[in-house]
Amino acid sequence: MSDRTHVNNAMALFIAFQQYNWQHFFDSNSLQRGKRYAREGRVLGEISLYRDEEWLILSGAVEGTERRPYQTEITLNVLDMGEEFITECSCPVSMKCKHAVALIQTFLNQMSNTPNTSVETPSPSDAMETSSDQAWLKQRWENWIKELSQPTAPVGNGHRVEAMYRLALFLDSHKRASQTPVLSVLPVWLRPSKQKSRGTGWVSPRAIEISSSGTLLPAPEAGWLSEQEECLDQLMHGEHVVSWSSTQHKWVLVSHAFQARALWALIESETPPLLFHRKQTGKKLDVGDVCQLAPRWQTDSEGMQRLQPATVPEDFLSSEAMIIRVGRGLCYLDLEHEQFGRMDGAPELLDRLQRSPPLPPEISEWLGERLHQTSALAEQLPTPMRIEEQTLKDITPQLKVTMCVAEGQLGFRHGAPLPRWVQVGAAVVSFNYDGIEVPPEESHQATGYRQGKRLTIQRDTEMERSLVRDLPSGMVTLEHLSQEATVPEHLELPPWTLLLPLEGTPPSSAIEWSTHLAGPDEWWEMIEALRQAGCLIAFSDEFPEAPTFLEPEAWRGELESASNGWFDLALDIEVEGERLNLLPILRQLLKRADFPLAPTDNEASDASWTLELGERRYLTLPLARLRALMMPILDWLGDESDPESGVRLPLTAAEAVAPLAEHERWSGREEVTALAQRLRELPTRIPMPPGFKGELRDYQAHGVAWLRFLSELGTGGILADDMGLGKTVQILAHVLNERARGGLEGPTLVIAPTSLVGNWCTEAARFAPSLKVVALQGGKAQRERQFEEALPHADLVITTYALLIRDVKRLGETAFGLLVLDEAQAIKNAASQTAHAVRAIDAKRALAMTGTPLENHLGELWAQLDAVAPGALGNQRWFGQHFRTPIEKESDKAVSEQLSRRIAPLMLRRTKQQVLAELPEITETRREVTLGGAQRELYESLRLAQHQRVQQAVAERGLAASGIVMLDALLKLRQVCCDPRLVKLDSAKKVKHSAKLEQLRELLPPLVAEGRRILIFSQFTEMLGLISKMLEKADIPFTQLTGDTPGKTRTQRVAFFQKGEIPVFLISLKAGGTGLNLTAADTVIHYDPWWNPAVEAQATGRAHRMGQQNPVFVYKLMCAGTVEERIHELQERKADLAASILEGGAERQSDGPLFDEEDLALLFAPVS
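Oh and the sequence shown: position 716 is 716 in UniProt numbering, straight run, nothing missing.
Each hint should be verified, as a subset may be incorrect.
[As the list claims (entries may be wrong)] Within a straight-line C-alpha distance of at most 30 Å, the following computed BS3-like cross-link-like pairs (lysine-lysine) qualify:
#	residue 1	residue 2
1	Lys1070	Lys984
2	Lys1070	Lys809
3	Lys283	Lys250
4	Lys400	Lys453
5	Lys989	Lys1070
6	Lys989	Lys1048
7	Lys772	Lys1048
8	Lys1059	Lys1033
9	Lys1048	Lys1033
10	Lys693	Lys972
11	Lys912	Lys693
12	Lys989	Lys972
13	Lys283	Lys175
14	Lys889	Lys591
15	Lys809	Lys1048
16	Lys175	Lys279
17	Lys912	Lys1116
[Claimed, not checked] DEER-style ranges, computed between Cβ atoms:
#	residue 1	residue 2	range
18	Pro584	Pro659	20 to 28 Å
19	Leu1162	Arg685	48 to 56 Å
20	Asn875	His1128	31 to 39 Å
21	Val290	Gly435	22 to 30 Å
22	Glu1010	Pro683	42 to 50 Å
For the record, the hints were derived by calculation from the structure and aren't laboratory data.
Just so you know, these numbers come straight off a predicted model, no measurement behind them.
Just so you know, even glycine gets a beta-carbon here, dropped at the ideal spot from N, CA and C.
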């Protein structure tokens, strides 16, 4: 092709694009984004142009969102551009895309900068200045009129046939290559719903299909009616497609005349089929009236007229109705009006209307005359409007911003790894010239249309630039953003759109854009600034309404006494006359990590927190007042057993709440203020009641006063004094006190370990002889007599945890005034049968006694406290989430201190070191034992095997589910350390020597010779048997106490030892670790360490307690470098946990988790 030919082709294409509004082929989004692509230079390399007969073909490469550019091609018939304008692209859209717009615009820009062409792209009015140009467009209309004048096939009418009941047609539209979609139909059988809730609904669609033999299936039970079968058969003999709304069945396209006749025959019969859009649960459709297709001229904002399909009667269809080809006719599907019906008119006319050229004002009069020259055309087409031309000059523009919402993925050009989804508010800028909106483009003229006139506006570009310069600072244009970031594909906005960085200035790093662009609700301050600057403000439909910010009109609080030592707090505020519960709001704030519980640096004195109320209403609350409300109730605010209810506070919280109640003038504040005063003035001693025999130490008198206080509050608690500090005598004094003042309605029930029943009877006889005591014991018949004869007259009933389970039903028949749980760790497992039995007892109040409320984990503390003060620590699940997990797994000191504050009013704990200054010194000595020879070899071989077994269990089941396997493995290792004979394995039977037993054999004789009285504790009763044989050989007198020792024998052996008649007492840890008074002993030997240090301390406390006159020496025998030594390390952790909770938040020695897999590896480490 010669250069001259190429220039001629380029000029021909350039003129064609200038004289014809090519932009109407593209939707506005593609048009805007394509023009932006052109400005950004995304058309790469040279644009190719060549001619093939009457076709001009423009092609080029356009940079998109993929790494490779898209290949885009424009094919144009210069003589008939309206009919033959084809765009093709390798992008997913494939045609009429933004890449095609970019290619066309870039071509026009290049031609505008080429000599012999105009510098600016002419406006449509400029293009009509020459007669040759007008002749060219007139020729295009002549071609269109010629096509329209050709006859179209008539639309036939089908004959009527009867339809069968329950026959239904699902209707949809199927887009074909032509612009008019084709009706698709799926015939089905439906049955009425049997469910009343469905009303007249239809269910169980069964599609009708043509079988391989050519019959319609499924057929009705009574057989097909011949007319019905014929219509369906004709209807379904067409092209089948898969509808997007149902991939299970193939729908039939109604594209032939015989199908259309069959369809209308079914629909217009006396019993027509049910009609639905897509499925039976979709829009149920009625058959609508017939309407007629009628063209109508529509004028755009630039005065360009286009023929559009319309109806007679006018506005018969809704704006969203679909006109669909059915056979050689048309129908409509109007979902808004829920109608389906026939439309008179030819599909060819509809197709040609949609391909009609635009009509500029310059030739509108000519076309009107041309149409009247042909009577047939005059009947089909309305006369176009005559549009006058008018030029507007010297009009002062006004800046207008239209607020809209845009969203998309914002990726970055500078190496950001991941794009981010953003939803931003955006201000689209335009200029208002006497009601005509003009975008800020480079042209000096703009066009508009108003009241039958096309307006040419002479723009004041200098004034426009001045208006933009005077805009409030802080915004950035989308064009500027696109230089830093890949503009989101879904931000379908022109480049002059304004965006708002949240911090007022654009971020220095591109990666920060997605988190620094303001959303719609963050624009309102800037919107007001734009309004103040004189801008016209408009809002798109999707932009949210302006929010309303409200402040409380009143704050209210109400305190009301509840039962069992609690009071209820209700808080609400009044907003626009409506009362809002404030407590759920405070609970939500407490959960938010960004809510400042303490003032931040540089926080303003009037700082506030904004909450969304819904319906664009926001509540502003002062931060200082919120904190003042939250802090006194913080420990209880997080309990969400019923998140919508008030806060239930223990009466012991009155001291913290009273000042706030007075300041806020809450209802019920007088009672709480008085209670707070009583809390501050809690007496340390109250008069002892008549009938109490004995003297109380100061701390015991304080304990009795504290118990009285709990009684007055109507709640229970835990007396958690160290072992040996006289908890029993404090309880007895309290019982007498309550009886004297009338605070007990019914007898007191004491539940204790079997070993302590005798001690309770003895102590009651000594300190409270006036009480009628019944100790339930013996067989079922004996206890039954006690229930019938003695219990109705008893003041104090004593039973055991073992008998409780058997007698729970009988005990439940009595209303007790007070329930006392001695050694309450017996119910530390809240799911145990014993714990459930305790909760079944009918008692007005309950008290717990224990020296070790916390042995292994915090769940034990919850179980005991919840049994005597239900709800004090919330429910078990909530307690686990808010206290156990943060403290035990995360070592959270703040939560530990919070728990200490919460339990403090309900638990009284004194240690021996705190209250017994006169108690003799206790000396602990750790005696290391070294394994050797066969015993060491046995330990190592067993350690390796058991460690492998545990690792396999953890791998298969996880650490939490492998507890039984771990404990069994560790048990075997501990047994090897004590004595290989405890291990029931063949390899262990061969080992005859025990290093630890040999150490004990060496240790005991000199101690006995010194006159020491010795307690030897072991977890293994079998080990006590081996020790007893060793003592017999050494001729050392001893006695023994295990779980199998009868109660009477137990008492005798304790008395025998206390009198000093034997030097050694062998005791199993479980049977004698609690409840025994063995102050005759001055030496304690722990033969094997136990997991829980509290259990060991309790055992030591049998000797080191009130009444002990001699220093106490404690020996702990421990095999060096073995699992026993590692147990000792874990013991220290547990002691650390107990101290931090029970002793008011003492500093923990370690910040790490209390237990993890590293501990497991430590326990199974080789002998060191």
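Structure-based check of each hint:
| no. | hint | verdict |
| --- | --- | --- |
| 1 | Lys1070 with Lys984 | holds, 22 Å |
| 2 | Lys1070 with Lys809 | holds, 28 Å |
| 3 | Lys283 with Lys250 | holds, 20 Å |
| 4 | Lys400 with Lys453 | holds, 23 Å |
| 5 | Lys989 with Lys1070 | holds, 27 Å |
| 6 | Lys989 with Lys1048 | violated, 37 Å |
| 7 | Lys772 with Lys1048 | holds, 22 Å |
| 8 | Lys1059 with Lys1033 | holds, 24 Å |
| 9 | Lys1048 with Lys1033 | holds, 28 Å |
| 10 | Lys693 with Lys972 | violated, 51 Å |
| 11 | Lys912 with Lys693 | holds, 23 Å |
| 12 | Lys989 with Lys972 | holds, 13 Å |
| 13 | Lys283 with Lys175 | holds, 20 Å |
| 14 | Lys889 with Lys591 | holds, 20 Å |
| 15 | Lys809 with Lys1048 | holds, 27 Å |
| 16 | Lys175 with Lys279 | holds, 19 Å |
| 17 | Lys912 with Lys1116 | holds, 21 Å |
| 18 | Pro584 with Pro659: 20 to 28 Å | holds, 24 Å |
| 19 | Leu1162 with Arg685: 48 to 56 Å | holds, 49 Å |
| 20 | Asn875 with His1128: 31 to 39 Å | holds, 36 Å |
| 21 | Val290 with Gly435: 22 to 30 Å | violated, 41 Å |
| 22 | Glu1010 with Pro683: 42 to 50 Å | holds, 47 Å |
Against the hints set out earlier in the document, violations occur for numbers 6, 10, 21.
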